[in-house]
Every structure is written in structure tokens, then in C-alpha cells.
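Peer 1: Taking the hints into account, I'd like the entire structure generated from these sequences.
Residue strings, one per chain:
2 protein chains.
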Amino acid sequence: MNDAIRKIVERIGPLDRSALAEARDRLDSLTKPPGSLGRLEDLAAQIYAVQGKSPIAADPALVVVAAGDHGVTARGVSPFPQEVTRQMVANFLSGGAAVSAMCREVGVDLMVVDAGCAGGEFAEHEKLLQAKIAEGAADISRGPAMNREQCARALALGAGMADRAQAGGVRSVALGEMGIGNTTSAAALYCALFGLDPREICGPGTGLDREGVALKARIVGEALEANAGAAASGDGFEILASLGGYEIAVLAGLALGAAANDLLVFVDGYIATAAFACAWRVKPEAKGYAIFAHTSAEPGHAKALEAMNAKPLLDLGMRLGEGTGAVLAIQLARQACAIFNNMATFEQAGVSGK
Amino acid sequence: MNDAIRKIVERIGPLDRSALAEARDRLDSLTKPPGSLGRLEDLAAQIYAVQGKSPIAADPALVVVAAGDHGVTARGVSPFPQEVTRQMVANFLSGGAAVSAMCREVGVDLMVVDAGCAGGEFAEHEKLLQAKIAEGAADISRGPAMNREQCARALALGAGMADRAQAGGVRSVALGEMGIGNTTSAAALYCALFGLDPREICGPGTGLDREGVALKARIVGEALEANAGAAASGDGFEILASLGGYEIAVLAGLALGAAANDLLVFVDGYIATAAFACAWRVKPEAKGYAIFAHTSAEPGHAKALEAMNAKPLLDLGMRLGEGTGAVLAIQLARQACAIFNNMATFEQAGVSGK
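Quick note, the sequences are listed as chains A and B, same order. Going left to right, the first sequence walks through residues 1 to 354 as the numbering used here numbers them. Going left to right, the second sequence walks through residues 1 to 354 as the numbering used here numbers them.
Treat the hints with care, as some may be off.
Derived EDC-like pairs: lysine to aspartate or glutamate, alpha-carbon spacing no greater than 20 Å straight-line [said to hold, decoys possible]:
1) B/K303 to B/D197
2) B/K303 to A/D315
3) A/K303 to B/E211
4) B/K354 to A/D209
5) A/K311 to B/E83
6) A/K354 to B/D209
7) B/K354 to A/D315
8) A/K354 to B/E83
9) B/K7 to B/D163
10) A/K354 to B/E211
11) B/K311 to A/D315
12) A/K354 to A/E83
13) B/K354 to A/E83
Everything labelled a hint here was simulated from the structure, so no lab data went into it.
Peer 2: Below, the structure written as C-alpha cells:
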């Protein structure tokens with residue numbers, strides 16, 4: 001970790017407990033039995049504690065889809081060929097991908113960042129940030145995904161996006177990703193961060209069969225051996241550099257930068273959570289800014305969330321990534337804000353209490 | 001059940017299996033691993049099967065909040081006084097209630113219907129349908145909530161709202177309710193419909209303590225004895241008339257009418273599900289049109305859902321009612337439609353398959 005990253009991390013403070021209590025008082029004054037809106041109330045209180053003032057807002061929200069390739073795909077860990085990463089970047093930009101359709105539906109901005117896709121530069125597009133650090137991460141089963149300088153650059157790239165988002169008035173960022181092979185990288189990160197076994201954390205990803213999952217678990221085991229020093233260090237940055245990937249490091253940087261800027265961080269599924277977990281290891285207080293969107297159908301995600309004591313909002317059997325679950329969570333957060341800001345109190349409405 | 005209701009029920013057909021299969025084919029052609037959007041894909045397929053054509057849509061959607069009082073409140077089953085039902089009707093209309101704020105946030109129409117509130121007529125309001133059948137349901141712990149003619153009128157009222165909604169271009173209705181004491185009525189309905197024990201189905205409602213819950217369970221037991229013939233009949237209409245309430249019967253009629261008109265039926269929480277369960281007992285095929293929004297924090301709701309093999313979308317610890325959970329489910333359904341209608345296929349996007 002370099003000084004620039006360290007400075008960002010130092011800006012992240014703990015959530016304001018007294019603001020949480022203030023929010024609870026406000027919520028209990030509204031025309032409903034106390035606590036009867038469940039997680040929506042928790043969400044409203046968290047958002048108030050992050051933003052420190054009323055009205056609270058999830059908008060404007062920005063979904064960042066970070067894309068990057070993975071050398072480990074050469075080992076056959078995904079049923080889809082590597083070129084799909086590039087093809088999907090084009091699909092995000094032309095609006096045909098799931099996350100594109102979902103963002104459009106609810107008026108959320110989408111930004112794609114090429115952090116490390118193979119195959120050279122893309123054509124220019126206003127929604128694409130071209131910031132390729134390398135033509136894909138190196139094969140983690142044989143050595144580190146990135147060197148430390150590359151990883152620091154990727155973190156700074158993400159953190160810089162958060163700074164610019166904040167300057168532009170954005171209140172929330174969502175972590176989305178695309179990268180053929182990146183469930184393998186995410187699984188390796190979980191094992192190293194939380195001491196989990198590859199066999200309990202590896203799943204079918206985009207659609208491996210049982211044999212494919214077993215192969216993936218073996219390769220994650222090889223990756224942990226090839227990067228044994230980093231894995232044993234317990235250090236978020238070292239683990240990220242060794243077992244992550246460019247898109248994952250960008251999202252970790254985005255999460256840290258967002259927390260430093262008092263933005264909400266919507267964490268999507270299996271891979272986005274792995275990126276967040278690296279940020280969390282670097283600075284546990286970042287969790288106060290995080291809203292965990294959903295539990296992925298990818299087995300192992302629930303275990304990783306549990307290791308951070310993170311309770312996602314949704315459990316819809318989704319396992320696409322891209323930030324699709326995060327968009328749904330943004331919709332829930334909007335309603336949490338609407339309740340907090342716009343409901344009448346018992347006194348205002350002349351409704352009798354208990 | 002009278003002939004008018006019987007005619008509505010006869011119009012409800014089973015979901016079109018071949019349309020479900022068609023929808024699956026379309027979903028599998030879109031740029032994502034098959035099935036990777038989980039429940040959103042199931043939802044899209046169900047909506048396509050209900051609507052029979054593309055593009056599919058949840059909108060325009062109408063949340064109906066049916067309000068009614070319950071004589072059983074005299075037995076001390078709610079910590080809130082009965083006048084809160086009326087006060088909340090005013091709050092729905094002036095926009096201060098949770099469901100009002102949530103509908104406004106996402107552009108969903110809200111309609112309130114006075115099916116049986118105590119305290120006389122309300123002032124006129126464009127969003128209020130005044131159709132009071134009685135000044136509250138009778139005390140179910142002493143006899144039937146309604147007579148059969150009153151229950152049939154309430155069903156017809158709800159079914160008529162569905163007819164008018166359909167004629168006005170609405171594609172979805174949501175079942176919302178307000179009625180102090182109505183968790184007691186809903187609990188009694190569940191016991192009668194599904195042979196459950198009052199002690200396993202009664203919960204704190206708006207905020208009873210342990211003693212209050214025990215009292216409520218005893219009173220539900222008394223209601224089942226006082227209406228033993230209806231409870232033993234297994235007949236959805238008889239059970240509804242004996243143990244329901246006006247707002248619950250209106251919602252049961254709305255569910256049947258909506259299904260008869262090929263509208264989606266968003267089923268909210270503990271009480272709305274009890275209303276739907278009566279409709280389901282009358283015509284099990286109505287379930288094909290139903291989208292179960294969430295599992296209530298009210299203990300017993302999960303058991304009742306299980307009895308219908310119904311799998312709600314959300315589990316957010318909510319227990320307010322009013323249709324609040326249903327509004328969130330409408331938001332999910334909109335995204336299911338967006339995916340189905342607007343995503344690119346692998347071919348269109350030039351993305352490689354497996």
C-alpha cells in the first residue's frame with residue numbers, strides 16, 4: 001500500500017452512533033408501529049448516519065462496472081471464453097446487458113471502467129473510462145495476479161472515481177463487475193481472507209458442472225500455494241494484489257474512496273463482495289458505509305458474508321454480477337429514504353398512539 | 001357464495017404452460033448465463049404467462065388499501081385503539097402513511113376503500129371509495145364476522161374494483177389493508193383454512209407483549225369454537241364470512257376479480273395473505289396470478305405461506321401491512337419486465353456462448 005492509498009484510508013471514520021440514535025427517534029415518531037418496516041428502517045438509519053443530515057438520499061447513484069481479465073481462465077475455470085469480457089463491455093455500453101436495462105429502468109447512471117481487459121483499447125464511449133493497467137491479471141495459480149505497484153494503481157483508480165463522483169454530487173456508488181474467470185479469483189480471496197477451504201467456497205460460477213467446480217477448487221488451492229506468503233499475511237492489500245484482479249482492485253479502491261467521501265457503497269454479489277472484503281480488511285470501518293445487496297446463488301457467498309457479519313437485503317437466487325443485485329438494493333434504499341423523509345409523524349397526522 | 005361471485009370464479013383459468021416455456025426460451029437467449037437472474041427470471045416468465053404477449057409490464061399498477069374495523073378489538077387484541085383505523089384512512093389519503101410515501105416514490109397509484117370502518121362516512125376524496133357495508137365486522141369470538149350476504153357484497157365490491165382497474169388499463173393490483181384487530185382475524189382464518197393451532201400462528205401484531213399474544217391466541221381459539229361449523233367446512237367462502245372482516249373480504253374479491261381479468265395480484269403480508277388464502281381455497285388457480293411480496297416478521301406468516309407452497313420474494317422483517325411490502329415487489333417486477341423486454345440476445349450483442 002502506498003502513501004496515497006493510506007491517506008484515503010485514514011479519512012474513513014466510524015459511523016456516528018448518536019446520528020443512528022437520532023434516526024431511530026425520528027423513525028419511531030412516524031405513523032407505524034415502531035420497527036414495523038424492518039430492514040427498511042435499519043437502512044434509513046444507516047443512511048442518515050452516513051449523510052448526517054435530512055433529507056436523506058440514495059440518489060444520485062452511480063453503478064460502476066469494472067471489467068478485467070484473468071490469466072487463470074487458461075486453466076479452464078469458466079465455460080465462457082475470455083473474449084466474452086470484452087464483448088460484454090460493448091454490451092454494457094450499448095444497453096443490452098442486464099445491468100444496463102435495469103439501470104435505465106430506474107434512472108441510475110452506469111459507468112464502465114476497463115481496468116485490465118485483454119485485447120487492447122476499446123473504441124471511445126462517454127460511459128467508458130479507459131484505464132487499462134495491464135492486458136489481464138496474471139495467472140494466480142502460478143504467482144501473483146498483479147505486482148504491488150499495479151494493485152496500488154488500480155486502487156487509486158477506483159478511489160479517484162469515488163472522489164469525482166462525490167464532486168459531481170453523487171451520494172451512492174454500486175460495485176459491479178465483469179471478468180471471465182473472476183469467481184475463481186474471488187474464491188481465492190475469500191480463502192485467504194477468512195481461512196476458508198476452496199471446496200466450501202467454490203461454485204459453478206457462470207455454469208460449471210460438478211467436475212468443473214472440483215477443478216476450480218483445485219486451482220484455487222494451487223493459487224493459495226503459489227501465493228502462500230501473501231495468503232498467510234492476513235494483509236488486505238497483499239492478498240488483493242496476489243489473488244485479485246484489476247476489476248476487483250478497482251472496486252476495492254472505489255469502496256474505500258466512497259467511504260472516505262461519505263458515500264453509500266452498494267455491494268453486489270460474489271465478486272463485488274470479495275472486492276469489498278479486501279477493503280474491509282484494510283479498514284473495517286468501511287463496513288458502516290456498505291449496503292450488502294443480496295446473497296448470491298453462488299455457494300460460498302453466504303459464508304463470506306457471515307465472516308464479515310454482513311446481512312444482505314435480498315436473496316433472489318441471483319448469480320449474474322454486473323451490479324444487478326445492487327440496482328435492486330438501490331431501489332430499496334430509495335424507499336427507506338422516502339419513508340424517513342416523507343412519512344407523517346403521529347402528531348402531524350393526528351393518529352393515536354398505543 | 002352467490003351466482004355473481006361464482007361467475008367471476010369460473011373465469012379464472014390455469015396459467016398457460018406453453019407460455020411459461022416460451023418465456024424460458026426467451027430468457028435463455030439473453031446475454032447472461034441461463035437462470036443467473038434467479039427469481040427475477042421466474043417472475044418474468046410468470047408475467048408473460050399471465051399476459052400472453054410481449055412486452056410484459058407490471059404497470060400501470062394499483063395498490064388497493066381496504067380498510068375495515070373488527071368487533072374483536074373490544075377483547076383487547078391490539079395495543080392501538082379502534083379509532084386508529086379511521087385516522088389511518090385519513091393519513092393514507094393525505095399522503096403521510098408509509099404506503100402513501102412509497103407509492104409516490106415510485107409512481108404507483110393508491111386507492112383506499114372503506115369496506116367497513118366504524119364511525120360513519122368519511123369526507124369525500126378522489127382516492128377514497130366509500131362502500132361501507134357495516135360499521136365494522138362483528139366480534140368473531142362470539143359469532144360470525146359477517147353474514148353471507150354481507151360477505152358476498154364485500155367480495156363483489158373487490159371484484160368490481162378489479163373489473164374497473166382492468167377497463168382502465170391497469171395490469172397489476174396489490175392487496176393492502178388497514179384494520180385495527182385484523183391480525184386476530186387473519187390468524188383465525190389461517191387456523192380454519194390450514195388446520196393450524198392458534199398458538200403457532202398468533203404473534204404480536206402491532207406490538208403486543210407475550211401476555212397479549214397469549215390472550216390473542218385464546219381469543220382466536222374462542223373464535224374457532226364460536227364458528228365451529230364454518231371452520232370445519234373447509235369452504236373458503238364460509239370461513240371468510242365467519243372469521244374474516246370487510247377489508248379482508250374485499251381483498252379476496254379483488255384477488256379473484258384480478259385473476260379473472262388476467263391482472264397480476266401482488267400479495268402483501270400477514271393479512272393480505274389471509275385474504276388471498278380464502279380466494280385460493282375458492283379457486284386454487286388464482287395462485288398463478290399471485291406474486292407473494294414478502295414474509296412478514298409476524299410469526300405464523302411463513303407457515304401460512306408454506307401451506308399454499310407460496311414463496312415470497314422478500315424477507316425484510318416488515319410487519320406493517322398497508323401494502324408496503326407489495327410496493328417493493330412491484331419494483332422487483334418492473335425489473336423482471338425490463339430484463340425480459342430490453343436485454344439483448346447473445347446473437348444481437350455478438351456475445352459468445354459457452
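Peer 1: For every hint, state whether the structure bears it out.
Peer 2: Consistency of the hints with the structure:
1. B/K303 to B/D197: Given that 20 Å is the threshold and the Cα spacing comes to 11 Å, the pair holds.
2. B/K303 to A/D315: This hinted pair holds, its Cα atoms lying about 19 Å apart.
3. A/K303 to B/E211: Given that 20 Å is the threshold and the Cα spacing comes to 38 Å, the pair is violated.
4. B/K354 to A/D209: holds (12 Å)
5. A/K311 to B/E83: violated (38 Å)
6. A/K354 to B/D209: The hint holds at about 12 Å.
7. B/K354 to A/D315: Roughly 26 Å between the alpha carbons, so the hint for B/K354 and A/D315 is violated.
8. A/K354 to B/E83: holds (11 Å)
9. B/K7 to B/D163: Satisfied, since the Cα-Cα distance of roughly 13 Å is no more than 20 Å.
10. A/K354 to B/E211: Between A/K354 and B/E211 the Cα gap is close to 16 Å, so the pair holds against 20 Å.
11. B/K311 to A/D315: holds (12 Å)
12. A/K354 to A/E83: violated (62 Å)
13. B/K354 to A/E83: Answer holds: B/K354 to A/E83 is near 11 Å, not above 20 Å.
Violation of the numbered hints given earlier is confined to hints 3, 5, 7, 12; the remaining hints are satisfied by the structure.
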